[in-house]
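Enquirer: Single-letter residue listing:
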Amino acid sequence: MRLTALREAPEAGYECDSRFVAAHHLPAVLIDLARSRNIDTHRLLRGCGLFYEDVMTGRAQISPRQFLQLVENTRRLLPAADTPFLFGQRLWPGHYGAASDVLEQADHLLQALEHIKAYRALLSPLLTPVMHFDEQYLHLYWRFSCGENDSNAFLLESAMTAVVALARRQQMERLPWRFEFAYAEPSHVEQYWVHLSDNVAFGRPSTVMSLPRAHLLRPWPHAGSTGGRVARQTCDDQLLTWGWAASFLDELNEHLTRQIRQPLSLERVAAAFAVSPASLKRRLAKHGTSFQEQLDLARRDLAVHLYQVKGLSNDEVAQQLGFNDITNFRRSFKRWTGLVPSELKALLGH
Amino acid sequence: MRSFLKMHSWTLVGLFGAGNIGLQIYLAAGDIKYWPEINWMDVAGEGGTAVILFGWLIMLLRARPAGRVTRLLSLGLCCMCFAMWMDVLDEFIRLAPEAVWDNWLETAPMPVGMLLLTFGMFHLHREQQAISAQMSKRERLFREYRLFDNLTPLAGAQYLKQHLAQALDMSTKEQQPLSLVAIDLDDFNEINVRYGQDEGDQVLQGVAQLLLMNLRQQDVLCRLAGDRFVAVLPNTGEHQALGIAEELQQSIAALAHRTVRHGERLHLSATVATVMALNEDEDQLLKRLNMGLAKAKPRTAQCA
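So the protein sequences, as listed, match chains A and B.
The first sequence begins at 173 in the numbering used here and counts up one residue at a time.
The second sequence begins at 21 in the numbering used here and counts up one residue at a time.
Keep in mind that a hint or two might mislead.
Unchecked claim - Calculated cross-link-like contacts (lysine to aspartate or glutamate; reagent style DMTMM-like; alpha-carbon spacing at most 20 Å): (1) B:Lys317 - A:Glu345; (2) B:Lys307 - A:Glu352; (3) B:Lys307 - A:Glu357.
FYI, nobody ran anything at the bench for these hints, they're computed from the structure.
All figures in this text were calculated on a predicted structure; none of them were measured in a lab.
Kindly generate the complete structure, drawing on both the sequences and the hints.
Expert: Laid out in structure tokens, this is it:
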């Protein structure tokens, strides 16, 4: 029993103040975009704990929190509606050494997405891609790796644009993406039409981009190259040196989702992570969240997934989530999503 | 800041020199008042006015390109500012009652400044008319600098929506048709990937100018987003709009854009769509236009 517990012990993961993001990789794309629009670099980097000269050395490493500050500064100094979309277009494959080679030389879109997930510390440290499949579609969700913040919409818009642009670039065709957003239609909806797809819907239960599975396995131009495999090895080595591949909140989410049917408490989870409850609480507070919030988030995502993708009934979903009492489940669901299950089903068109 | 001082050094030196000479003359001819004699209400009122006038002068010099209109306006403000300054000095320095010239120093510059400012305003109005003529096809009905596009010399989507709301109102009132044309470049991302984002920006700027040249005086062109442009055509029916759309499409196909670096010729093409306004608001109309464009767009991008 003890042994299994040990083997299943989750990794620590990177936190919002771990310095590992190479400043001349992803952040530099944003810096260059701002520079091309005549934004002063000193003003852009104010409060980021970073100077442009540091970026130029190629050795500066910043934390997700500093990266987020840079995003926030960009939003303030370059408030044009197309900024996140232009950032997304320039994001991948990019020029990030081995990680970019891995993306560029992927066999097909599915593999590229799997690489983005596996090497997200290198390619997408602020957003974690979450893939679900049903019989016809890939559903791609995004989770905020280092907690939610004011730049949520900016990050989502850029990550989604990045996937669309990468696929279009490699497959030389416009793919029939379908988009749903959990928020109301923004005033700059035309940016969504032009940069993402004409098929966008707002005010939906979750934010997700979907693509018919047939398009996932179309071969990419550099499929199966030796260089790609070597690049993967280099990335794996980098992750081994760091000792983690995902963020602390990702690891926590995964643990909670896996154990969702068990009674979960701060104490039990802290024990699984081999830290004291006080320390876990402190770490969560650092990311601007709490244990209950993370638990609700994991339950919400799973519940919506079970309704939407698996098409399960109320009883089945409640049971999967470890609820014995259906009334209790319905009340909790309303707290997580603002909807009762029947309203959600109506929205989903079941 | 340094270039600002350099550009307007004569104006500022002139104002400070005049102010200083005025001060010297007053000091030479009169005596400094005692504290109880000073009327602080007057000091605050006249001094405050002088400071605000000086602020206006600085804002004017910073905002406007050099030229005749700027010179007239700044000279007018300088005169008024000097008059107020002399008024303030009056509160601190007692002059002999028989001195008439001090009145001249205080009062005379004011009407002169006012006249210069009025003359400047007249030319400002003329200048504005000339600029508006240059802005034709890029704005009509109203101006809002915050809605200008940051890449092309056009207005952006928010301006388009506000303009469209007013234009729809007018077309209903006047019982005239109103049409929209959307122009979307084909394979624009290809250009960004192959020649770089800067070249892509150049193409957008070139295309914006080209489309402007192909529109009529009453039309307005905006950049909706990315490589998608929308032209608002007042008093235009669907048939006429289709004709204009086709002409725009042909003009883009015939554009010989050459890359900045190697002068290589790029072949551009565009997809166009038109809609005529029915009884709907601007958001619905734009949605319908966008749907039309999606239908017209070829599914598979060709490798240009």
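Enquirer: Now, for every hint given, state plainly whether the structure supports it.
Expert: Structure-based check of all given hints:
1. B:Lys317 - A:Glu345: Holds, at about 12 Å.
2. B:Lys307 - A:Glu352: 17 Å, holds
3. B:Lys307 - A:Glu357: This hinted pair holds, its Cα atoms lying about 12 Å apart.
Violated hints: none; the structure is consistent with every hint.
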